[in-house]
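Note that the protein sequences, when read in sequence, are chains A and B.
Going letter by letter, the first sequence gives residues 1 to 257 in our numbering.
Going letter by letter, the second sequence gives residues 1 to 221 in our numbering.
Derived by calculation from the structure, the hints in this document are not laboratory data.
As the structure is a prediction and not an experimental result, all values here were calculated from the model.
Be aware that one or more of the hints could be misleading.
As the list claims (entries may be wrong) - Computed cross-link-like contacts, DMTMM-like style, restricted to lysine to aspartate or glutamate with a CA-CA straight-line distance of at most 25 angstroms:
hint, chain 1, residue 1, chain 2, residue 2
1, A, Lys138, A, Glu194
2, B, Lys136, A, Glu125
3, B, Lys159, B, Glu106
4, B, Lys136, A, Asp177
5, B, Lys213, A, Glu194
6, A, Lys237, A, Asp213
7, B, Lys213, B, Glu188
8, B, Lys117, A, Glu78
9, B, Lys117, A, Glu194
10, B, Lys117, A, Asp177
11, B, Lys136, A, Glu123
12, A, Lys9, A, Glu252
13, A, Lys74, B, Glu121
14, A, Lys120, A, Glu136
15, B, Lys117, B, Glu212
16, B, Lys136, A, Glu136
17, B, Lys136, A, Glu124
18, B, Lys178, B, Glu10
19, B, Lys136, A, Asp105
20, B, Lys117, A, Glu124
21, A, Lys74, A, Glu87
22, A, Lys138, B, Glu116
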Amino acid sequence: MSQSIIEVKGLSKSFGSHRVLQGIDFTVEPSQVVVVIGPSGSGKSTFLRCLNGLETAEAGSIRVCGHALVEQGKMIAEDKLDALRSEVGMVFQSFNLFPHLTVLDNITLAPQALRHTPRKQAEEEGRLLLKKVGLEHKADVYPGTLSGGQKQRVAIARALAMQPQLMLFDEPTSALDPELVGEVLQVMQTLASEGMTMLIVTHEMGFAREVADVVVVMDHGMIVEAGAPAQIFTAPKEARTRSFLQTLLSREASHGA
Amino acid sequence: MDLDFSPVWESWRALASGTAVTVEVTAAALLLGCVLGLLVGLGRLSPQRRIIYAICTSYLTIIRGTPLLVQLFILFFGLPHFGILLPAFVCGILGLGIYSGAYISEIVRGSIQSIEKGQMEAARSLGLSYRLAMRKVVLPQAFVRMIPALGNEFIALIKNSALVSLLTIADVMHEGEKIISVSYRSLEVYLAIAVIYLVLTGATTMILRRTEKALRADGRV
Numbered sequence: 001m002s003q004s005i006i007e008v009k010g011l012s013k014s015f016g017s018h019r020v021l022q023g024i025d026f027t028v029e030p031s032q033v034v035v036v037i038g039p040s041g042s043g044k045s046t047f048l049r050c051l052n053g054l055e056t057a058e059a060g061s062i063r064v065c066g067h068a069l070v071e072q073g074k075m076i077a078e079d080k081l082d083a084l085r086s087e088v089g090m091v092f093q094s095f096n097l098f099p100h101l102t103v104l105d106n107i108t109l110a111p112q113a114l115r116h117t118p119r120k121q122a123e124e125e126g127r128l129l130l131k132k133v134g135l136e137h138k139a140d141v142y143p144g145t146l147s148g149g150q151k152q153r154v155a156i157a158r159a160l161a162m163q164p165q166l167m168l169f170d171e172p173t174s175a176l177d178p179e180l181v182g183e184v185l186q187v188m189q190t191l192a193s194e195g196m197t198m199l200i201v202t203h204e205m206g207f208a209r210e211v212a213d214v215v216v217v218m219d220h221g222m223i224v225e226a227g228a229p230a231q232i233f234t235a236p237k238e239a240r241t242r243s244f245l246q247t248l249l250s251r252e253a254s255h256g257a
Numbered sequence: 001m002d003l004d005f006s007p008v009w010e011s012w013r014a015l016a017s018g019t020a021v022t023v024e025v026t027a028a029a030l031l032l033g034c035v036l037g038l039l040v041g042l043g044r045l046s047p048q049r050r051i052i053y054a055i056c057t058s059y060l061t062i063i064r065g066t067p068l069l070v071q072l073f074i075l076f077f078g079l080p081h082f083g084i085l086l087p088a089f090v091c092g093i094l095g096l097g098i099y100s101g102a103y104i105s106e107i108v109r110g111s112i113q114s115i116e117k118g119q120m121e122a123a124r125s126l127g128l129s130y131r132l133a134m135r136k137v138v139l140p141q142a143f144v145r146m147i148p149a150l151g152n153e154f155i156a157l158i159k160n161s162a163l164v165s166l167l168t169i170a171d172v173m174h175e176g177e178k179i180i181s182v183s184y185r186s187l188e189v190y191l192a193i194a195v196i197y198l199v200l201t202g203a204t205t206m207i208l209r210r211t212e213k214a215l216r217a218d219g220r221v
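In isolation and in its complexed conformation, chain A is listed as follows (with noise of 0.2 angstroms):
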């Protein structure tokens, strides 16, 4: 039997009274490309920050990896945590690269501290992931010097240091300008036909529609309904997705795009 890499059963969590995510049930398999969209507000920033603990549960399980984070709302020791989350690499839509370390060093430093790696093999191999990334050329500066198109792909190479079975990515082409969005998005396809196991917040229904294996969509904190592309962008059954869509290409026609 194949062990799924994300399995929540009924997560639900709120901030003060407003209920945030209500009864998630969610599962994904090694190598799939899941990708979720939703309104804003509709708790998907929340869920995928759930899945490596950035935000805690308040019912449900959690697992990922193989390993529980969650069980019955209660998190996981705080060391089992660490451990956990080495395993699951995080890309933030405001990148969070280290500004007081070269570009180098923000992807040498989690394989230094935590998994003892000699300096220079890690940084053989955070130059090499920095050539993955495109970016071999900037090892030795500073992020304050980068654009924000090449500070989300070190970003997304100081994960990947890690050597993840799970990439999640909260957003991560919204703070950037649009003429960069593309540098991004080739590198998230890269790692998706390498067979990275990917969960990705987006609102690129461009990249959604070529790119993922399940296209899931939240509203209000509940999962409306979940399926191939194909089918969501082109038969969505809920009328919820249905009036989610429309605003959005509404939108786009708008913007001319």
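Based on the hints, put chain B in the right spot on chain A.
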């Protein structure tokens, strides 16, 4: 009015040795203050650890809320009542360090909180523990932001160190008083002492400014 600086020149050795004592006391107190400030500042960042938080907050409240002179006298004249007899020099360093630590802790806490939340999240997401993330990612950035405020605190500490002359410590202030007691040239001696403090604080400002500049180079934030 005639100014006569000859008593100052004649006892330059005493003033120089007093200045050395002032620098020693201040430097040691600074070190103690920084260590205390860092620990207390970190301790006050996590209110969920109630006991540590309560201890740190009480320390801050008491030390900031009472005069330094009173604290020094309690150490120097009060502790012997409990059989704890510390040399004046140690009392001076302890008193100044503990006092300064309270203010530094707030500087530490403030600069750590000014670092974007995403930095800690990114570090934790890579699998770094809270401590490791703090040490490798947050503190190095927070430190650069602390420098201007630390500069103010260091200068205050240098000036406050004049109070330890009242604990019989032979700092520059104390040496000055001795010169006055035999020469009666108070204005001249106090002016000389003022200049010495000015040089000490000026040098501190310059060193910190250079440090900050060096740390902010290369497009680092």
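Here is how each hint holds up against the structure:
1. Of the pairs offered as hints, the one joining Lys138 of chain A and Glu194 of chain A holds, with about 24 angstroms between alpha carbons and a cut-off of 25 angstroms not exceeded.
2. Distance restraint check for Lys136 of chain B and Glu125 of chain A: the Cα-Cα separation of roughly 20 angstroms lies within the 25 angstroms cut-off, and the hinted pair is therefore satisfied.
3. Simply put, Lys159 of chain B and Glu106 of chain B have alpha-carbon atoms about 20 angstroms apart, close enough for the 25 angstroms limit, and the pair holds.
4. Restraint check for Lys136 of chain B and Asp177 of chain A: the C-alpha separation of about 30 angstroms exceeds 25 angstroms, so the hint is violated.
5. In summary, the hint linking Lys213 of chain B to Glu194 of chain A is not supported, as the alpha carbons are separated by about 44 angstroms, beyond the 25 angstroms threshold.
6. Among the hinted pairs, Lys237 of chain A with Asp213 of chain A is consistent with the structure: their alpha-carbon atoms are about 18 angstroms apart, no more than 25 angstroms.
7. A distance of roughly 37 angstroms separates the Cα atoms of Lys213 of chain B and Glu188 of chain B; the hinted pair therefore is violated under the 25 angstroms criterion.
8. For the hint pairing Lys117 of chain B with Glu78 of chain A, the CA-to-CA distance comes to about 19 angstroms; that is within 25 angstroms, so the pair holds.
9. Proposed proximity of Lys117 of chain B and Glu194 of chain A is contradicted: the alpha carbons are some 32 angstroms apart, above 25 angstroms.
10. Restraint check for Lys117 of chain B and Asp177 of chain A: satisfied, since their Cα atoms lie roughly 23 angstroms apart, inside the 25 angstroms limit.
11. Straight-line distance between C-alpha atoms of Lys136 of chain B and Glu123 of chain A comes to about 17 angstroms, which keeps the hinted pair within the 25 angstroms bound.
12. For the given pair, Lys9 of chain A sits about 35 angstroms from Glu252 of chain A by alpha-carbon distance, which is inconsistent with the 25 angstroms threshold.
13. For the suggested pair Lys74 of chain A and Glu121 of chain B, the alpha carbons sit about 20 angstroms apart, so the restraint of at most 25 angstroms is met.
14. Taking the CA atoms of Lys120 of chain A and Glu136 of chain A, the gap is near 16 angstroms; set against the 25 angstroms cutoff, the hint holds.
15. At roughly 23 angstroms between alpha-carbon atoms, Lys117 of chain B and Glu212 of chain B fall within 25 angstroms of each other, so this suggested pair holds.
16. Using a Cα cut-off of 25 angstroms, the hinted pair Lys136 of chain B and Glu136 of chain A holds, with the two alpha carbons roughly 24 angstroms apart.
17. At roughly 21 angstroms between alpha-carbon atoms, Lys136 of chain B and Glu124 of chain A fall within 25 angstroms of each other, so this suggested pair holds.
18. Straight-line distance between C-alpha atoms of Lys178 of chain B and Glu10 of chain B comes to about 13 angstroms, which keeps the hinted pair within the 25 angstroms bound.
19. In summary, the hint linking Lys136 of chain B to Asp105 of chain A is supported, as the alpha carbons are separated by about 11 angstroms, within the 25 angstroms threshold.
20. The hinted pair formed by Lys117 of chain B and Glu124 of chain A fails the criterion: a straight-line CA distance of about 30 angstroms is larger than 25 angstroms.
21. With a CA separation close to 20 angstroms, the supplied pair Lys74 of chain A and Glu87 of chain A stays within the 25 angstroms bound.
22. As the CA atoms of Lys138 of chain A and Glu116 of chain B are separated by approximately 24 angstroms, the hinted pair is consistent with the 25 angstroms bound.
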